[in-house]
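Novice: Protein chains in written order, with my numbering: chain Z, 134 to 206; chain F, 75 to 469.
There may be inaccurate statements among the hints.
With the Cβ distance kept under 10 Å, some of the chain Z side facing chain F (calculated, not the full set) [stated by the list, open to error]:
{"#": "1", "residue": "K142"}
{"#": "2", "residue": "E145"}
{"#": "3", "residue": "V151"}
{"#": "4", "residue": "V180"}
{"#": "5", "residue": "M181"}
{"#": "6", "residue": "V182"}
Honestly, the hints are just simulated from the structure, not real lab data.
These numbers come from a predicted model, not from an experiment.
Note that CB positions come from ideal geometry on N, CA and C, so glycine has one too.
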Amino acid sequence: MAKEFLSQKGVEYIAYDVTKDRDALREMMRISDGARTVPVISVCNEVMVGFDSNRVEQALSCLEHSSEIPETV
Amino acid sequence: MNAITIYSMEGCPFCIKAKSFLTEKGIGFAEIKISPGSKEWEQMKEITGSNSPPQILVQGEPIGGYSDLVNLYATGDLNKRLGLSMEGPVSPLYDVIIIGGGPAGLSAAIYAARKVLKTILISKNIGGQVADTYEIENFLGFSQIETADLIAKFDEHVDRYGIEKLVGTDVNSIELAGKIKKVTDGNGKTYFSKTVIIATGKRPRPLNVSGEKELIGRGVAYCSTCDAPLFAGADVAVIGGGNSALEAAIDLDKVANKVYMVSLTPLTGDQIVQDKVRNSSKVTIYTEYDTNRIIGTSAVEGLEIKSLATGEVSVLDVEGVFIEIGLLPNSDLVIGTLETNRQGEIVTDNMCRTGISGVFACGDVTSVPFKQVIIAAGEGAKAALSASDYLINQR
């Protein structure tokens with residue numbers, strides 16, 4: 134659902150499969166302060182645990198001012 | 075006490091109009107029936123100074139008759155006096171409000187739409203508990219389907235009928251007595267309806283130990299199908315001794331490094347599943363052990379357990395704790411209002427009726443045996459047809 138949402142918005146993202154990539158899992162837990170659930174979405178400097186379309190939409194507004202790419206895990 | 079009182083007389087057309095106007099807007103009122111010369115007639119005259127029914131009181135204050143009522147409503151003054159939200163007009167009156175978006179609620183929505191009932195479905199999510207399993211192999215027509223695909227099909231089917239859906243919010247309170255039912259969502263918005271179908275399903279039963287709530291999603295999990303893959307190579311514990319706990323252990327056995335099963339009682343699940351777990355070299359079983367607490371600050375670091383036999387306390391070094399100790403019905407909204415059984419399930423008759431007229435229930439939240447997707451879907455259909463029958467008889 135999160136991936137579909139980002140694609141619909143035309144936002145580029147990097148997806149990490151944390152069930153297969155141990156390093157990505159560790160990184161996800163680090164940036165989210167321990168979260169072991171998916172999805173974890175990082176946009177600019179904001180980390181969101183779980184998918185809430187309103188929150189993601191708000192967070193995406195930072196992209197208008199920068200060229201950073203959000204990441205979904 | 076109702077905020078509105080109407081003095082009405084039999085055969086008075088504006089009395090009927092005033093009452094149906096309020097009913098349509100979902101506004102409750104008390105009615106005092108009068109006849110010329112009666113004690114109530116004299117009371118009306120004294121309070122309102124008028125001889126002509128209907129006479130309407132709002133918060134005890136006379137406002138006049140039917141046209142005064144409509145004017146008061148149109149200016150928004152009525153809402154203000156009743157303390158209702160001022161945002162836009164009052165919500166329309168639905169035929170059916172369905173609470174819950176699992177198989178029962180979605181199926182009810184389709185049947186309600188086919189009966190051309192004005193319907194809204196309110197749910198935190200679409201799919202309900204089905205989303206907690208990975209695959210379904212016993213839904214007629216699908217020998218094997220991923221639940222995400224099945225839920226997408228359900229949702230698409232419902233959308234084909236253009237049913238109004240409010241997804242992503244809880245229901246905070248409901249008032250079921252009276253002809254018009256009131257449902258208030260998590261944002262405080264109130265919806266009015268002639269009938270309500272409760273299809274709120276079940277949720278995992280919590281363990282209620284220290285550290286559990288704080289560490290949900292941080293190593294504490296309730297759905298092995300969903301979350302087991304996140305524990306690849308890790309040491310984990312499963313709490314519980316029934317079938318769902320054993321199946322969680324089997325799910326975890328495929329990915330984890332070590333699996334500890336902790337059960338308050340001897341294992342109670344099916345023998346065939348027990349054997350599978352016992353034969354795994356990764357699984358260590360602790361039966362007749364209580365769980366004291368889950369240890370960890372920002373993520374699970376361990377599990378403290380205590381032997382019932384010796385009282386000895388030990389700590390298991392785990393990163394994950396899967397709690398699989400059964401399910402609780404989501405009936406909190408109606409406990410005390412509707413009849414429930416010892417498990418808290420809503421008791422229904424064979425037409426999904428609850429005992430309060432216009433209120434129906436279906437799916438896993440009810441006392442209907444065998445919690446299955448196909449049964450919930452069938453019960454949802456029944457509830458909607460039953461609501462439709464009820465509405466026809468009300469006309």
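Novice: Would you mind marking each hint as holding or not holding in the structure?
Specialist: The hints, checked one at a time:
For K142/Z, the suggested interface contact is broken, since its CB lies about 18 Å from the closest CB of chain F, more than 10 Å. For E145/Z, the interface hint is violated, the least distance from its beta-carbon to any beta-carbon of chain F being 24 Å, above 10 Å. Satisfaction of the interface hint for V151/Z is found here, the shortest Cβ-Cβ separation to chain F being roughly 6 Å, below the 10 Å cut-off. Because the closest C-beta pair between V180/Z and chain F is about 13 Å apart, greater than 10 Å, the hint is violated.
Interface hint status for M181/Z: violated, as the beta-carbon distance to the closest one in chain F is roughly 12 Å, over 10 Å. Checking V182/Z against chain F: minimum C-beta separation of about 6 Å stays under 10 Å; hint holds.
Checked against the numbered hints given earlier, the structure breaks hints 1, 2, 4 and 5 and satisfies all the rest.
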